[in-house]
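Chains A and B supply the protein sequences, listed in that same order. All residue numbers for the first sequence refer to my numbering, where the first residue is 1 and numbers rise by one. All residue numbers for the second sequence refer to my numbering, where the first residue is 1 and numbers rise by one.
Heads up, a few of these hints could be off.
Identical copies carry no separate label here, and so any pair may be met within one copy or between two of them.
[To be verified] Heads up, simulated DSSO-like pairs for lysine-lysine below, C-alpha to C-alpha not over 30 Å straight-line:
1. Lys12 with Lys62
2. Lys207 with Lys373
3. Lys356 with Lys12
4. Lys37 with Lys241
5. Lys125 with Lys12
6. Lys12 with Lys128
These are computed hints drawn from the structure, not numbers from a lab.
Protein chains: 2
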Amino acid sequence: MSQTDLVTEITKQSEDFSRWYLDVVRRAELADYSPVKGCMVIRPYGYAIWELIQRELDDRFKATGHVNAYFPLFIPESLLMREAEHVEGFAPQVAWVTKGGDEVLEEKLIVRPTSEVIIGTMYAKWIKSWRDLPVLINQWANVVRWEKVTRPFLRTTEFLWQEGHTAHETEAEAHEETLRILALYKEFCETVLAMPVVDGQKSESEKFAGASRTYSIEALMGDGRALQAGTSHDLGQNFAKAFEIQFQGRDKSLQHAWTTSWGVSTRLIGGVIMTHGDDSGLILPPRVAPYQVVVVPISRGNWRETVLPRAQEIRGELQRAGVRVMLDDRDSQTPGWKFAEWEMRGVPLRLEIGPKDIEKSQVVLARRDTREKAFVPMEALVGAVTMRLDEIQAALLARARAFREEHTSATNDYEEFKRMMEGRPGFIIAPWCGSHECEAAIKAETQATIRNIPFDSPAPTAPCLKCGQPADVSAWFAKAY
Amino acid sequence: MSQTDLVTEITKQSEDFSRWYLDVVRRAELADYSPVKGCMVIRPYGYAIWELIQRELDDRFKATGHVNAYFPLFIPESLLMREAEHVEGFAPQVAWVTKGGDEVLEEKLIVRPTSEVIIGTMYAKWIKSWRDLPVLINQWANVVRWEKVTRPFLRTTEFLWQEGHTAHETEAEAHEETLRILALYKEFCETVLAMPVVDGQKSESEKFAGASRTYSIEALMGDGRALQAGTSHDLGQNFAKAFEIQFQGRDKSLQHAWTTSWGVSTRLIGGVIMTHGDDSGLILPPRVAPYQVVVVPISRGNWRETVLPRAQEIRGELQRAGVRVMLDDRDSQTPGWKFAEWEMRGVPLRLEIGPKDIEKSQVVLARRDTREKAFVPMEALVGAVTMRLDEIQAALLARARAFREEHTSATNDYEEFKRMMEGRPGFIIAPWCGSHECEAAIKAETQATIRNIPFDSPAPTAPCLKCGQPADVSAWFAKAY
Chain A
1 MSQTDLVTEI
11 TKQSEDFSRW
21 YLDVVRRAEL
31 ADYSPVKGCM
41 VIRPYGYAIW
51 ELIQRELDDR
61 FKATGHVNAY
71 FPLFIPESLL
81 MREAEHVEGF
91 APQVAWVTKG
101 GDEVLEEKLI
111 VRPTSEVIIG
121 TMYAKWIKSW
131 RDLPVLINQW
141 ANVVRWEKVT
151 RPFLRTTEFL
161 WQEGHTAHET
171 EAEAHEETLR
181 ILALYKEFCE
191 TVLAMPVVDG
201 QKSESEKFAG
211 ASRTYSIEAL
221 MGDGRALQAG
231 TSHDLGQNFA
241 KAFEIQFQGR
251 DKSLQHAWTT
261 SWGVSTRLIG
271 GVIMTHGDDS
281 GLILPPRVAP
291 YQVVVVPISR
301 GNWRETVLPR
311 AQEIRGELQR
321 AGVRVMLDDR
331 DSQTPGWKFA
341 EWEMRGVPLR
351 LEIGPKDIEK
361 SQVVLARRDT
371 REKAFVPMEA
381 LVGAVTMRLD
391 EIQAALLARA
401 RAFREEHTSA
411 TNDYEEFKRM
421 MEGRPGFIIA
431 PWCGSHECEA
441 AIKAETQATI
451 RNIPFDSPAP
461 TAPCLKCGQP
471 ADVSAWFAKA
481 Y
Chain B
1 MSQTDLVTEI
11 TKQSEDFSRW
21 YLDVVRRAEL
31 ADYSPVKGCM
41 VIRPYGYAIW
51 ELIQRELDDR
61 FKATGHVNAY
71 FPLFIPESLL
81 MREAEHVEGF
91 APQVAWVTKG
101 GDEVLEEKLI
111 VRPTSEVIIG
121 TMYAKWIKSW
131 RDLPVLINQW
141 ANVVRWEKVT
151 RPFLRTTEFL
161 WQEGHTAHET
171 EAEAHEETLR
181 ILALYKEFCE
191 TVLAMPVVDG
201 QKSESEKFAG
211 ASRTYSIEAL
221 MGDGRALQAG
231 TSHDLGQNFA
241 KAFEIQFQGR
251 DKSLQHAWTT
261 SWGVSTRLIG
271 GVIMTHGDDS
281 GLILPPRVAP
291 YQVVVVPISR
301 GNWRETVLPR
311 AQEIRGELQR
321 AGVRVMLDDR
331 DSQTPGWKFA
341 EWEMRGVPLR
351 LEIGPKDIEK
361 SQVVLARRDT
371 REKAFVPMEA
381 LVGAVTMRLD
391 EIQAALLARA
401 RAFREEHTSA
411 TNDYEEFKRM
421 MEGRPGFIIA
431 PWCGSHECEA
441 AIKAETQATI
451 RNIPFDSPAP
461 TAPCLKCGQP
471 ADVSAWFAKA
481 Y
């Protein structure tokens, strides 16, 4: 009770988005701080969202021919060193194991920040012939990156993710895989998380350490900042050469494989919170809501004898129809308190039932997103609930899309760009020459980074925003998490 | 091809059980050695077994009111130190993180060998009132224990497991939970893994470090050695006192909670291999077989035009009935080679179909366990397959039970006990006084340890096997993994 007494004390989004976020994470019991610096505890309500995300993604990976496996947490230092760009990118942020039991290790181990090097080593052993290709493996795992500034779900020293690692016979097949997964991520984010994303290619400087090309999906949060929600890397032959992943080709010649890697993480939960939430707290899309419906019996008179049995029947009926239901039958709290509590925790649909409703053979359904209330006849309940859940799912995506459109603009003028970036404008589309210098100068002066160059980005119609040289592409800029 | 050419080269079980085990693990592509000392890679075929185990267990945990969460991988040294017996038990075998990025850590971190201390710390924060109890949380995670001698699945430095951690209002409730989970594990092992287990209490010396009482399930492997397959610990108030997990009781007094913890790991896969396998390799119980049926088209004449389409239809038909099917349509291998390959990999049922079968509208079904073959009319196929899968599941359990019964004996005489233990006798039931000295002496002289004292163990009818003092219980001894 001590914690939940604080339901009403969430900072308003409009006052301080960052504090609002931390309040929601803690008060909705999604995650909690731990005694380990930079590491969080994912509480059952937050973990249930992750399990729903996992199930949806895992089904998609398997439907596209991928299988799961598990590779070691520890990586010997010498392996990390084998791909030059990779080590440069990751060495500064790894945790080092130097002692096991009483023994000081001859070779230090790193805790995996990502698994290209250990998986590459195994692929070199397993892949001998073109007949062994493609290898399409995914891993669900924890990884560690030593971070100075952390924020629950968005950036933590340890986090959970999936990392796909594939090896192919040809460059074209590896590239196709890279884009297939990016499209899968986009479809997943939009269909399941109701979170629209922009898909495109990262600039050279934002590319994964060791990749030939990195692609990303970028979402827009409620405060106008962008969130990189997933990445897919075409690794070319870089890792295959560093780890000697070679096979005998159809023409009998010895060739290096073409590899990819791709991942999304528990960061997606942060994305869901910041895409849909409002001043009252969390709003969960039905497809990732641990409880899609909360049943709140109106506790008047001898409600335990009259209302509760009917509420239990309703729970059963909805569960049989595949709906995830919580029946809040606590004696210790009032219905009004429960309404606020479950609103704060983002349950998409509330079902109220009291003595009068039973007389009239009806219930009240209240939507979390629009707060619309409707009386629904008992006999039409299941249909009414599932229809509303579908409507909420669609409405959340539509609202997020509209928000992104309102917060996406374009400019060819750097002074205007700088003024716009002073607030929280969302995405700004601007012409860019492709040089790292201009990208770095824009970042230094405005905090805005190139999120990506979308596949459907129009050709630039003006010179580079920064240097005035001919522009190469229209890049999407934003301040980002 | 290079690897699978070796199908026939598995060491015979009867010649060298230990080498047979390692051969099966590697050649069936369940796991592979990694460049990290003591750590293995779980390959897709092995991991698919783990996924089936996870799904079955997770459903059972949820059906009994448990929820999943995730706690940090790292544990500050000072937390480990708080429960005296616990630190003594685990400190010698932990991996130490001493450096993060470029920074030498002020306080060293251990990589979790188990999570009582980190979870206890959080429970102390979350639990305030008796209304907050019980807390029933499970975690699916990797853990690390620095091991000197390792063996795939059975003992590795890193392994995957689930660890349940619960907190209760009363001693009785905690004890009930401990036994509920032990019973759940037993039912799971017998129903799903077809692996019979003996459930009972561990002796004091074999108890979990910090527990009040430890219970285990013990299985008997094909070489007559026992395998501890799962443990459930009644932790009393030991961890609650060390971590200050306190709540206000119904009578308003401040009380320490009563906690439990319990776990099973990827070791279960080793148990499945060694319970059911034979000289030809693996035999998988249908409920954990990644492929329950392998369809092998007989490749005669223009089989790709004639046989293959029918084989594909059959695959579809079985999949729609919920059967996990592999259709081996490779051109590069003969049917005979495929028979041996999938036998080695333990697929419970093989379905052969050739041109003559199509003429006669039939298929051949061959059981892996008994090698019985039968012609089955095409129109009765689905029923014939599912019936056989059920039969195989039941037959494997019956066979394992019979094996255990044949390899369980009793003696009251220490000289006889020693002679029996020179071979691989399985379980020997013997009277024991309850003293650590006798237990230790028996272990030193025979390598046999007390596996547990089964719940249904008969009262001893003779004095202690070792010291001749009055016996306390009938203990089950065995050499163990």
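To see whether the hints hold, each was checked on the structure:
1. Taking CA atoms no more than 30 Å apart as the test, Lys12 paired with Lys62 passes in neither setting, with 41 Å inside one copy and 35 Å between copies.
2. In this assembly of identical chains, the alpha carbons of Lys207 and Lys373 never lie at most 30 Å apart, being 48 Å within a copy and 57 Å across copies at closest.
3. Neither within a single protomer nor between protomers do Lys356 and Lys12 lie at most 30 Å apart by alpha-carbon distance, with minima of 35 Å and 75 Å respectively.
4. In the homo-oligomer, the alpha carbons of Lys37 and Lys241 lie at most 30 Å apart only across protomers (24 Å), although the nearest pairing inside one protomer, at 37 Å, exceeds that limit.
5. Proximity of Lys125 to Lys12 under the C-alpha cut-off of 30 Å is restricted to the inter-copy arrangement: shortest distance 26 Å between copies versus 55 Å within a copy.
6. In this assembly of identical chains, the alpha carbons of Lys12 and Lys128 lie at most 30 Å apart only when taken from different copies (28 Å versus 59 Å within one copy).
Going through the hint list in order, the structure does not satisfy hints 1, 2, 3.
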